[in-house]
Every structure is written in structure tokens, then in C-alpha cells.
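Residues per chain are reported as follows:
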Amino acid sequence: MNWPSWTREPLVHFLVISAVIFTLFAWRGNEVDPSSRLIDVDRDLQGQIALRFERTSGRAPTDAELDQQIAQYIRDEVLYREALRLGLDQGDPVVRRRLVTKMDLAASAQAEVATPSDDTLRAWFVTNEEHFIEPPVFGFDQLYFERARDALAALKELNSGSEWREIGEPISLPPSLDRAPPREIEAVFGAQFAAQLNELDAGDDWLGPIASGFGHHIIRIRSKEKSKAPDFDTIRQDIENQWRTATIADRKQKAFELLRDAYRIEVAE
Amino acid sequence: MCRSHRAAALAGLASVALAGCDSLESADASQSGDGEGTIELAEFPDRPYWGDTHLHTDNSVDAFGFGVRLGPEEALQFASGQEVTATTGMAAKLARPLDFLVIADHSDGLGATRRLYDAPRLGVLAMGDDTLLRWYDMMHESPEQSQLAIAELITAAANNNLPEALSDPARQREATTEIWNTHLETLDRYNKPGEFTALAGFEWTLMPNGNNLHRVVMFRDGSDRTGQVLPFPGLSTTAEQLWDYMSAYAENTGGKALAIPHNSNLSNGLMFEMTMPDGSPMTAEYAAKRAASEPVVEVTQIKGDSETHPFLSPNDEMAGFGVSGWELGNLPLTEKTEPEMFAGSYVRDALKRGLSLEEQIGANPYAFGMIGSTDSHTSLATGHETNFWGKHSGNEQSNETRAQDAQNLGTRVGRFGWHYLAGGYAAAWARGNTRAEIFDAFARREVYATTGPRMSVRVFGGFDFSDEDWSDDWVRAGYSRGVPMGGELTGRGKSPTLMISALKDPDGANLDRVQVVKGWIDNSGDAQERIYDVVWSNMEKRAKQGGKVPFVGDTVDRANATYTNDIGAAELRTVWTDPDYQEGQRAFYYLRVLEIPTPRWTLYDAKRFGLELSEDAMNDAVAQERAYTSPIWLRAAAPLIMEEG
Chain A
1 MNWPSWTREP
11 LVHFLVISAV
21 IFTLFAWRGN
31 EVDPSSRLID
41 VDRDLQGQIA
51 LRFERTSGRA
61 PTDAELDQQI
71 AQYIRDEVLY
81 REALRLGLDQ
91 GDPVVRRRLV
101 TKMDLAASAQ
111 AEVATPSDDT
121 LRAWFVTNEE
131 HFIEPPVFGF
141 DQLYFERARD
151 ALAALKELNS
161 GSEWREIGEP
171 ISLPPSLDRA
181 PPREIEAVFG
191 AQFAAQLNEL
201 DAGDDWLGPI
211 ASGFGHHIIR
221 IRSKEKSKAP
231 DFDTIRQDIE
241 NQWRTATIAD
251 RKQKAFELLR
261 DAYRIEVAE
Chain B
1 MCRSHRAAAL
11 AGLASVALAG
21 CDSLESADAS
31 QSGDGEGTIE
41 LAEFPDRPYW
51 GDTHLHTDNS
61 VDAFGFGVRL
71 GPEEALQFAS
81 GQEVTATTGM
91 AAKLARPLDF
101 LVIADHSDGL
111 GATRRLYDAP
121 RLGVLAMGDD
131 TLLRWYDMMH
141 ESPEQSQLAI
151 AELITAAANN
161 NLPEALSDPA
171 RQREATTEIW
181 NTHLETLDRY
191 NKPGEFTALA
201 GFEWTLMPNG
211 NNLHRVVMFR
221 DGSDRTGQVL
231 PFPGLSTTAE
241 QLWDYMSAYA
251 ENTGGKALAI
261 PHNSNLSNGL
271 MFEMTMPDGS
281 PMTAEYAAKR
291 AASEPVVEVT
301 QIKGDSETHP
311 FLSPNDEMAG
321 FGVSGWELGN
331 LPLTEKTEPE
341 MFAGSYVRDA
351 LKRGLSLEEQ
361 IGANPYAFGM
371 IGSTDSHTSL
381 ATGHETNFWG
391 KHSGNEQSNE
401 TRAQDAQNLG
411 TRVGRFGWHY
421 LAGGYAAAWA
431 RGNTRAEIFD
441 AFARREVYAT
451 TGPRMSVRVF
461 GGFDFSDEDW
471 SDDWVRAGYS
481 RGVPMGGELT
491 GRGKSPTLMI
501 SALKDPDGAN
511 LDRVQVVKGW
521 IDNSGDAQER
531 IYDVVWSNME
541 KRAKQGGKVP
551 FVGDTVDRAN
561 ATYTNDIGAA
571 ELRTVWTDPD
581 YQEGQRAFYY
591 LRVLEIPTPR
601 WTLYDAKRFG
611 LELSEDAMND
621 AVAQERAYTS
631 PIWLRAAAPL
641 IMEEG
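Chains as they are written, first to last, in the working numbering: chain A, 1 to 269; chain B, 1 to 645.
No wet-lab data here; the hints were simulated from the structure. Don't be surprised by glycine CBs; every beta carbon is placed ideally from N, CA and C. Be aware that a few hints might be false.
To be verified - Pairs of lysine-lysine, DSSO-like flavour, derived with a Cα cap of 27 Å: (1) B:Lys93 <-> A:Lys252; (2) A:Lys252 <-> A:Lys102; (3) A:Lys228 <-> B:Lys93; (4) A:Lys102 <-> A:Lys254; (5) B:Lys93 <-> B:Lys541; (6) B:Lys607 <-> A:Lys254; (7) B:Lys93 <-> A:Lys226.
Stated by the list, open to error - Per the computed footprint, the stretches of chain A lying under chain B, defined by three or more beta-carbons under 8 Å from a beta-carbon of chain B, are: (8) 68-81; (9) 197-210.
Looking at chain B on its own, in the form it has when it is part of the complex (with noise of 0.2 Å):
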């Protein structure tokens, strides 16, 4: 009784001190809408805007377990360059601020683990679960016992054996409210079109018996739209309910949403498949749908790559970066991966699937461009090597021996700390700084991937290039003669040529190569990939050998955790034409570009905290970032005529 009236007068004396206080006001009107007519754009995209579509805060149900205790607002203020105190105590600023930021909170029990922390123990205990009160417990104790309580919850969801305090949408339903308006608030106020966008997302987190079916939802509106509608639970639910809340999301409020997969190398083949969910023949409006509500896939993240398996692609000497670990199994490794899943679980394969099931069923669910996004669960967008804070607060920086440490979200064997990737980020190319800038450049999928450096990648598609296009105004006769990335040519019977510039990342490693992935259907219907070297440093002296480009070098100094830009270039630009280009036929062209050897983030905290790496992390303490780009497709001659070959 007493813990009551002591709660009701604390309630009463902020009632009176607020009663003095002036009405609420809520956001600028410039930074509560979508941002059209805010700002002068330019005529074309200018620069890539960088941005982290997947941050975690304390709203998020596992973020908040794993002990982080920053909200949506530090997460806000960090990424847009002011310093903020890190949950285990560490002043952070981020040297370089992001463009854009999507607050991407699990929607199952948003907020739910943070409620039940702040709950009274008496709250809890009335439940009657004695599953929640014991995590209740758990969380309360140290932030070890929270991190333990949270990886019990997260295998309690991929078993579906949550609480069901914690997974019945309609008792969430009006908390959830409370937060997501909130949060919505939070968003637009610090929204400012020009200098920084805060997108409204939440993750939609499906992971029937622990494989990673996951999505980030991204709005391109304000609170007025975004606050009609509340983050779709992901619990008991199908994709195919998700796209049609989207549409009817679009349909009620004029706005506009798109969802991002993550994490497919998690899923065990499940997240790519050739058929239905439920194992039979996928339709045509299925695969429309699915094209239509997710533009873009994260193909890189903090939780491994999914660009491709060395499985998959035996002939790609740089397939395989950010594998190692992940490719054991699904996510909480309740699920061995056995080696027929790769080919649904990996991006590339994905886009090939996508060719396939286009010749079968004449429409392609999987013509997708490609972004990197953190997941980090520590509020703090942090996506470079010298900087990263860990998956969760766990692991943050105080945490010395967090590379060498066994990783298993408390299940099975065979992670470990240096298996992470401090990575990635997202680059949007868009003509300003907007909502919807931004998010119309996923939806037209001119976007690209990277493992965390900021290199601007530019490639255009079209018939007729040629070097002398270097000479102009090459960006204006990539839009005015051709497509950029993400974008789709009609065939005219001839090979297609792409316009292809790299620069490096202004305070980062020189660049090593670029190279164009292609798939494409082959006579007898199958699809085959293959990779190009098409421009590199220093070609004069590095000429090809037996076919391939040798190796660019490596100036890393593995004592002091330290590289030398010595070898590599700034920029590196070509003209390139299809060699092997036959008529009529249908393939996509993508880009990776490939950084000199640098320092991994576990070579860094070795020096850092004098620690010595075990011989497995030690041998992947060096690796060749890169970014990845966004297909350009080339279809079949219009009228579309199913031609072999």
C-alpha cells in the first residue's frame, strides 16, 4: 500500500509542477512532414547520403535485455554528430555524423522489456508468470544476469514460447501507442530536411523455429501519417500480411512504405526460396508483391554478409567476407545450415532465383538493389572498424575482451566475438537531404551497400558510352543516355556497356579493384554468374596473370594495428562493355568494389587492450572492405518475348 500512494504522489506533485508549465508544441511543420518543398534540390543525385536503416535503442525488446539504456533520442543525437555518455559509461561522438538514421525497434513488445524493468515488482508478480518475473529479476540483478535473461527471451521467440505477456498484440496494443507516438514526436523533432533525416521504421522480426525471416519497415512520412498505424507485430504473422498492412498504409494515408530483409544468411535458405512459403509453386502475384513492397535488401551487417557462400561461388577468390560463423546455422543455432540452404539464404544466388522464376512464372520477386545497415543494438550507429561499439552493451568498448569472447546469444557453440562485422552502412543517392529524397531513392533502388567505409560508387547503364563521356559531364549523360544503379535497360541487341567510377572514402583506405558481378539465364535455362576485374590500381605494372588481377598487396602492420594508403588507388573509373553478351539475353550487372587490406576491428582492440588474438581471429583480423551496388538489369527486348538464351 504504501509503494502505491507513494507512486500516486509522486504522480500528483508532476501534475502540479506541470500544470505551470505552457501547452505542449510539437515539431517544426517543415520537419514533421515527408520534407517535399522544404529544400532546394539538385538537378541530379549530387552525393551519396549515408545513412544506418537498422539502429536498436531501449524500446527495442533484446537491446533493452542486452542492457543498453539509451533511447531513440541519444540514438538520434549520436548519429547526427553530437557527443552522447554510452551506456557502460564512455563518452562517444560519432567523427563522422550520418545523413540519415531509420530507428528500426523490434515492433513485438516494443517497449516491453524496458516496461517491465520500470515496472514495480508487484506489477510483474500480478502477471503470474513466473518466466517473466524471473527475467524481471534477471535484468535487475547486473547487466550480465540482463544479458542471460535476454538470450533466454530471444530463444523463447524463435521456439514461439514467449510469454504471453510479452507477445499478445492486443495487450500490447496500448502501450505500444504510448511509445510508438512518442517516438514518432522524437523523430520529427529532430528531422531537419537539409542536414539530417530521421526516418520512422520498425523491424518486423518472423523467425519461425529460430530462422531469420526479419524486415525493416521504413516510412517516408511525418507523425501525421506514421501515426495513424502502429509497427506490425511480426509474431504469428506472414510477409505476405506485412506487404498488405503496407499497402493499406499507403492506401489510407497517402504515404508511402517499403520493407528491407536482413540477415538471409541466418534464415537457412527460407529467406530467398523458389517456391511459396508453404512449399508450393510460386505465383505471379506473389512475386509482384513481394517486388513491389521490398526494393532493397541489407546485404551486410554487423550479423555477417549475404552477398554470397564460397559454396555458391566456387570461382570468386573475395566470396566469403563476413561468413565464417554465420554460415553454422540459423540464428539462435538451433538449426544447422546444411549446404542446399546457402543458395536461399545468400543475395546473389537471390538475383539469380530472381531471373529463373522471372523465364517461369513472368514476374521476378527478388529484383532487388543492395544496402548495408549496422543492427546495432547499442543505440549508437557506429558501422567503421577503428569505431565499433559492439553488437549490443554488452560488448561495447569496455567490454576488453569482447573478440576473443564466445558469442552464442546463450545457445550453442561455434561464435565468437571476432566472428562480428563493424559494418555497414547505407548510401543513397538523392538530390538532397529529405524523407522523401531518401526514401524514394530505395524505392527506385539507387542505393548500395557498404561494410562500412564511406566510398561514393557511381555506375550507369546504357548502349552507347564511351571514355570520351569522361571528358563532360559524364553524371549528366549517365541520367540523360543510360540508367543508374538499380535501374533497368531494355535489350537492343547489342552488349550493354556500363559507366563505372569509384572513389575512395575521403579519410579511409585506397581502393584495389572494381569488379562487375553478372548472372544472367544461360542457354539451357540455368543460371550462371560471373565475375569481371574491370578497372584496378595501378594496371600498368599489375597486368593480369593466368586471367586474374594479382594481388593488390597488404601494408597492414599486425603489431600496431596500423595501414599505409602506399598501394591502391584514389579513383577508379572505366567504360566497360559485355564481352560475353549474347542476344536476347537477360542477366543483371553489379559492382564491387574492393578495398586495400586493412585493420579489422579485433586487430584494433588487440592493440588497444594489449590482447592477444587466438590463431583462428588472428587469421581474419585483416580484410578487404567493399561496397556493393545496387543490379542494373537488362530485360529482354520490349515486347517481352520469352526467347531461350
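Looking at chain A on its own, in the form it has when it is part of the complex (with noise of 0.2 Å):
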């Protein structure tokens, strides 16, 4: 099925659903109008009522328990009418904190449950692509030294042509990495250790003494591939999960800044 392209635009479904929430709010209004003293449990009602009392119990109820759940509403419709009538949902928490809930779930409902076209994730990708940049890898080798000035003197060495495995003090960790993305630099060597790594270029050369949690490290970076724009394929998902996060929040916004615009704000110094 074909639809037009603007029918998809949150801010018509919102509008749309408000439209119809309205007009059934004035086509029913005789009925329901709360100022009304006619109160018509008729057959839809009370099979709407029986049909909930289903749900919540997981069988149907019984000719006394359905007269039990009838006279339950009436109850609370007669005195829901009458706090209506006296203005009693004014300025009360309780039900200005649920209306509120109830329109932001009417704006990003469909978003959390809608599956979204190629084409929809293809733009949202393109236009947020700096979100999905594959990280630069490293291969390097690396010597550890508690003291900075051995690890100085040990540079000096090592560019004189000295054989790299036989120095640095020992510790627990690896002399070596391939292809390793900066969270498995970050953490193996800690954060200290990837930021200043990630400001070096790759070369023959032994470089540092640069430092980090543990104390001061020499290194060589043998490779650094620079980042890459990923495969829209490969990262679909990635791409799904954050547009329909994004998309939800952006419905909210929209829809609460469209109504917004309806008001005139007046903020007192």
C-alpha cells in the first residue's frame, strides 16, 4: 500500500488525532457531557465493563459480579460528574500530572511500536551519519616504567636501535594490541592512556613517555586506520534503536510546541 509521503509526517497523525478526539468529543457531547443528568449504562457500555473486568480477572463475570461492576460506575460516574461540576479536577496534581502523561503518549505512540522503511532509516542516517563513525583503529607496541625519566631513557635507547622486548618493568599488560577500537584501549590502558594514543600517528618511530593510570608508557604505533563511514546494511539496527529513541522524542517536542504556539506566555520578572 502506497501512501502519500506527507501521511507519514508525525505532525499530521498528531494533528489528525487530535482533530478526531475533538470532533468525538463534540459529537458525542450530548451524551456525555458532563453537566448532563442522564446517566445511559447502555449494552455497548456494559459489555465494556464486562470486557474489563475479563482482562483484569481472566474470566468472564458472573450476572451478580456484572451488577456489582455496574453499580460501581454509576457510583463513580454520578460523583465523577459532580466533582466536574464543582471544579474539582482544577489545580489537582494527580489528574494534571496524568492528561499530561496521556498527550505525550498520544504523540509518540506510534513511534514506539511503527517499523520504520529503508528509505526513513537511509535519511535519518545520512543526515545524523557522525553519530555511526566507526572509531579509528590502533596496532601498537607499548614498554611500562614507573618513573617517567626511565621511560625517557629508555626511549633514547630504543631509537639508538636497542632489541624493544628486552625493556620496560613488568606489569600485567599486554606489550602488544591489533586492530584495537579506543573502548578496548580505554579499557585495558584507561582513558588517560587512549586520549593521548589518539592525538599520535602511526610510524616506525618509539614515541611518549606518555602516562596513565598505571605510570609512563613508550610506544609504537605500527597502524592507525583512520575512521570510516560504516555500511548502512551492517548497522541497521544501530541506525533503528536510535531513530525511533530520537523520533519519539521528537514527536513529543513537536507536538507540545505546536500546541504551545496556540498560547500567548506571559512570565513575570
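Hints are included, so try docking the two chains, each in its own frame, into the full complex.
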């Protein structure tokens, strides 16, 4: 089924829903008008009450139970209307919070269950590409020293041609990592080390010393593969997850702004 | 009538909009299974993978009532390193993402409070239960009222007094199925072999008279298998029934599940009994079943630390971390804890009881490894002192007096905000980050607990390790000539040797010392324990005095909530041989690794909010955080001979 693109606009959905609700209110106004003195528990309503009982208790109500439920409904409806008549819904934090939640839900409900098309996601991917850029991966060797001055001395030694594996103080850290993404480097060497490594370029020389939570390291970056934009198909799920979260927030906000625009808001200094 | 019609109109519109969309797609195949064969694995477990196996979201009855409005999706986003907006409105991002997460919402009334909250009031009315209706109204009134409602709810659960609508499994079944299946799909979407592992689980919440017997159940598998079962209800069931449920799951689906007891400190001695739950002598069958189902316990979390109690370990100077407040009684403080109950409530004594029981009945029910986890009810898996988001959403960082407030879950007095711990985490030695690898590390107990920091701790047990092993590939030596933490050594008539390495958290505090905790059965058949300081920082200058290692020092600036790493060590290593071994002895050995003293979350709060802590809180505002490894057991030489001593 092909729908014109405007039918997918969340704002259109929201407007349509609002219009339908408004129309319903207006159309059924006579029957459910809180100021009316008629409570008509017709077959439809009785069916609704019975169904609700069934959903929560797992079985149909007996006649006596249904009578009890209806009596309860009538009692509530009478008191509810009288309360409205007295304006008790005004300024009540429970009522206020509940209605606010309902409005938010109305705006976001579809985004929570909808399955977006490839086109939607591709478009979203293109405009939000920076969220999905794969970080650079590093291949490097490192030597550990407790003191910075020992690291500096070792650096001189190495760059004059010593065998690197015979230098450095013992510590339970890997001497080499290959194709390691930043999160892996951070997990093993800590944030401070990873941040400094990120600033350096690949080459044959030993560099440093750079500091970590453990002490000081001299390093040789064998490879640094630049960040790259990922392939849509391989990260489609990621894109969809983020699209959904963003869309829900966006719809709530847009719906709010739309409604707010109809208000003049004055905040006293 | 208006209401129902309006709801129908909304539903109608939604379905029209949906008709224009593509059919539903499920997660990538590599994400939805157990992860076997999806990534290249290291030869040996290469690093500890960090996780939280005990996180609650808005699908938990109590978490929702406490006010959390973040669900599993946000929980997974946060744990894997994305920024989310916390319930109370602040942006929250984990500085260091976790490697794995088990969302463990309560199986009882899974999603029930959320459904109750979302239900039209008429629907709640129709249930005809005044209590439920009152809670419903309280939940909608304000966060404070919402917490009160949930405190009542927990008390009702503890007293077996829940409204039927929340406790009757038959009524819950349909709703639970829907929530569970949606949840499993969400997990698969965020499960990324090699990067982030999302494991399915739930919390089984048995609590006779308020005594905490809770377990987290975690699954190895993806939704194709976990979708065939529903979370097992805790109310009105027994632990044995839970284990039966788990073995039926394994048999019927080919998958695997394990259970992790927690908060034994709030069980009033019932978690690790010497008898069957009904008081009769423990059978070997029960012990074996328990050991097979529960290879790991959660020893430390927000609601206190269960390693040991000063009453049980009077010679252990470092006992008593995370004990105060929690030692007073059971979970809702409806029953006080008497000293004779402690032995059944703390893990070290349980390990000793396991040795005793094995001697008596031939099977050890308490041969478990140790992990930490948060038990956070905010959907945010935060385990560090600097990022404490509170036990529940009423105590997130927007509550500036949370460190001082009484925290009694709506019941009796005695517990305050500062009693709560910011911790812990679980570390798993795995060959890669997949569901299968992480789960299997738990199953073989190659896991350890920390109270929050991420130190890397390794221990291998064997008979021929020496200091020379350090100069070569000692990890390979450890695996090929010994067993890692969680393993079992068979006695060879000589002292066992442990090869030990503890590396500090790269972004945290230096290490003070490593201790070996040994438990054994002595010649008269009694269980004993002893703590050995085996390696510590600055050993040359910090020589033992009167048999004790001198205090490491304290760099914490109380006024500014800071510390320095001018004391302590980056790594502590040693090869240690038990000096007190006697031939034929059966024993366990686990490591306790201590950091130098650092500020607790309460001190950071005091600084952040300009709060003056009470004297009691101030006395507990600095602590030595720690790691507990799973033990290595020394068994009698095969074939098993019942030797005395």
C-alpha cells in the first residue's frame, strides 16, 4: 500500500488524532456531557465493563459481579460528574499529571511500535552520520615504566637500536595490541592513555613517554586505520534503535511546540 | 463511554498508520543467538569483561513504583555507553561502558505496576480492590507518593499480602508473555558479539516473612530459546522448584540457565542453611542440585556487602565493609537479625559450611564463585562512587539530602542513605564478549566481584609455580599447569601454590594489598578461616609489625572529596605457597584485593551539594574498596577418601 509521504509525518498524525478526539467530544457531547443528568448504561457500555473485568480477572463476570461492577460504575460516574461540576479537577496534581502523560503518549505512541522503512532510515542515517562513524583502530607496542625519567632513558636507548622486548618493567599489560578500537584500549589502559594515543600518528619510531593510571609508557604505533563511515546494511539495527529513540523525543517535543504556539505565555520578571 | 470510544479511535488510527509500513523485522541472526561462532576468540581468557547482572528497569514492580520511567531500551543504551536522560531529567552517560548487562526485572508482576499505572482508572476500579486503587492513585500523584505506595507494596509482598491481581500467576500470564517477548527482542537488538552482550534474565523474589532469598536467573541464549519460557514466579514457590524450572528449560530448549543468590546479608540466616529449608537434614541430592544450579553468588551490591561480618571473623581487621545498617535485620526490617543467624547470611561462612556439609553428606551445596552487581532500580548500571545514581529514582542525584535521609522502605528505623553502597560490578574472564563466553565464565566460576573499581585480578592454583614463571608467558603457564579462579585442585600431599596478579583500575586508585582468605576443616572436624597478607605496596619499607602489615595511609581530603595515588601500587604480584597446609586437608582459597582509602559517594555528595554529613555518616565516608575472587578449592586426593584433617 502506497501512502503519500505527508501521511507519514508525525505532526499530521498528531493533528488528525487531535481532530478526531475533538470531533468525538463534540459529536458525543450530548450523551457524555458532564453537566448532563442522564447516565445511560447501554449494552455497549455494559459490554465494555464486562470485558474489562474479564481482562483483569481472566474470566467473564457472573451476573452478580456484573451488577456490582455496573453499580460501581454508576456511583463513580455520579461522583465524577459532580466533581467536575464543582471544578475539583482544577488544580489537582493527579489529574494534571495523568492528562499530561496521556498527551505525551498520544504523540509518541506510534513511534514506539512503528517499523520504519529503509528509506526513512537511510535518510536519517545520512543526516546523523556522525553518530555512526566507526572509530579508528590502532595496532601498537608499548613498554611500561613506573617513573617518567626511566621511560625517557629507555626511549633514547630504543631509538639507538636496542631490541625492544628486552626493555621495560614487568606489568600485567599486553605489550602489543592489534586492530584495537578505542573502547578496548580504554578498558585495558585507561582513559588517559587512550586519549593521548589518539593524538599520535603511526610510524616506525618509538614515542612518548605518555602517562596512564599505571605509570609511564613509550609506544610505537604500527598502524592507525582512520575513522570511516559504516555501511548502512551492517548497522541497520543500530540506526533503527537510535531513530526510534530520537523520533519519540522529537514527536513529543513537536507536538508540544505546536500546541504551545497557540498560547501567549507571560512570565513575570 | 467517551473514554473507551476515544481509546478505540486512537487504536484505529494507529493501525491505519501501521498498515503503510513494512513488516516487522527481527534483529540480525548473529545478535539473536548465543553468539557461538560469531567472533574470533582468544586462546585463553584475555581480559576481565565488566558487567552488571542485576539491573531493574520500569518493568520491575518496585522500580516503577519508586518512580523510574526508563525501560530496558534505555538501560541497554546507557550500559553500552550511550547518553540517556535519567528519570529525574539529568543527562547520564557512563564514562566507561560496560561489556555486558543482565536486566533482571522481578518475575512477579513483571510490568504490573507499569500496566497498573498506564491502565485507565476505570479498569483499576473494575478490579474491585481498594488497595490496588489506592496505590494507583498514589503512583499518579507525585514521586513521593509513588515511593510510599511501593514501600507498602514491598511490605505486602514480604507479608504475603499482595492483592491477587499482582500475585496470581494465571492472571499475570498473558500480560507477562507480551512484556517478556518484547523484552527479549529488545535484548537481541542491542546484543553485539564482540562489543556488548545483552543477556536475558529475571529476578526470582522469594521472601518468606521478609527474609531475602532472592536469586537472579540468567540465560545463555537468544530469544529463539528464551522465548519458549516465561520468568518463574517467586511468590508461593520454592528454590527447588526454581531449579526444576531451570533444568526443564535446559532439557526442552537445549539452552542453559543459572541462578545467582544475592543479599544473603538480609536473609536472617536462611540463605545458606546447614539443613533443608524445612529444617530436616540436608540430602546429597539437594546439595548437588543447588551446586549445579547456583555456581555463583552476588557478594556485594547497593544493599550492602555479604562477604563476612566482624562477628564471624573477629580476627579479620578488614571485615565489616558495607555491613552497618544492613546487619540490623531482614530486608523490610520486620525481623531483627540475631548473632546466631549471621553464619547463614554471609558468603565466607557459607563456603566453610559447604566444606563441612561435603564431609558429612558427600556433596557441597555452597561451592560457589563470587560476583558483584548493582541491584540498581534506576535503569542505570552505575557502580562507582563518583557516579552513584541511588538505589532507586527517588534517590537520583537530584535528591541532595539522600546521603542523610532515613531509608527504611517505609518500615522501621535504622537504615540511612549513607548505608547504601555505590557498587558493585561483575568481572568475567572470557575469551571474547559473547553470550556464550560470558555465561560459560560464570558457569565455571572464572569470575570475581568488585565493590565498583575495575581492577584486573588473576589467580592460578597449582603445585609447581615459582617466581620464574613471571619472566615468561605466565598466563599460559597458569592455564596449562594449574587451574584459574573457580577451579578445583586435587590434593597431591603437598602445599598448593597460588600465582597471583592484581592490577589496579587504570582510571582509579592504587592498590594497598592482596590477601588470601583460606577456609578449611581442622582435625576435629570444625571449619576454620585465616587471612594471609601475601603481597602489599612498598613492602621493603612497610615491613610487618607484630605479624601485621602496617596501615597503607590515607590521602583523602575530607573537605574536598579528593585523594591522590601517592601511596599504594599499580600492580601487586606474588607466588604464594600455603605455609599451614596439612596432608589430606580440604580447603578453599580466595583473594581479597584492597585499594588505598578513597572517598565514598557520600563524601562526593557532601562536596557537590555543600552538605554537612552526620557524625556517623562522616565516619563511614572513606573506605578501602575491594575485589573478591572466586575461590580455588583443594579437594582430597582422588579417589575420595574421608581423611580427618
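Evaluation of the provided hints:
1. B:Lys93 <-> A:Lys252: At roughly 22 Å apart (the allowed maximum being 27 Å), lysine 252 of chain A and lysine 93 of chain B satisfy the hint.
2. A:Lys252 <-> A:Lys102: 11 Å, holds
3. A:Lys228 <-> B:Lys93: 24 Å, holds
4. A:Lys102 <-> A:Lys254: Answer holds: lysine 102 of chain A to lysine 254 of chain A is near 15 Å, not above 27 Å.
5. B:Lys93 <-> B:Lys541: Cα-Cα ~42 Å, so violated.
6. B:Lys607 <-> A:Lys254: Roughly 39 Å between the alpha carbons, so the hint for lysine 607 of chain B and lysine 254 of chain A is violated.
7. B:Lys93 <-> A:Lys226: Holds - the C-alpha atoms of lysine 226 of chain A and lysine 93 of chain B are around 25 Å apart, at most 27 Å.
8. 68-81: With 5 residues in contact (Cβ-Cβ under 8 Å with chain B), the coverage given for the region 68-81 of chain A holds.
9. 197-210: Contact hint for the region 197-210 of chain A vs chain B: violated, 0 residues under 8 Å.
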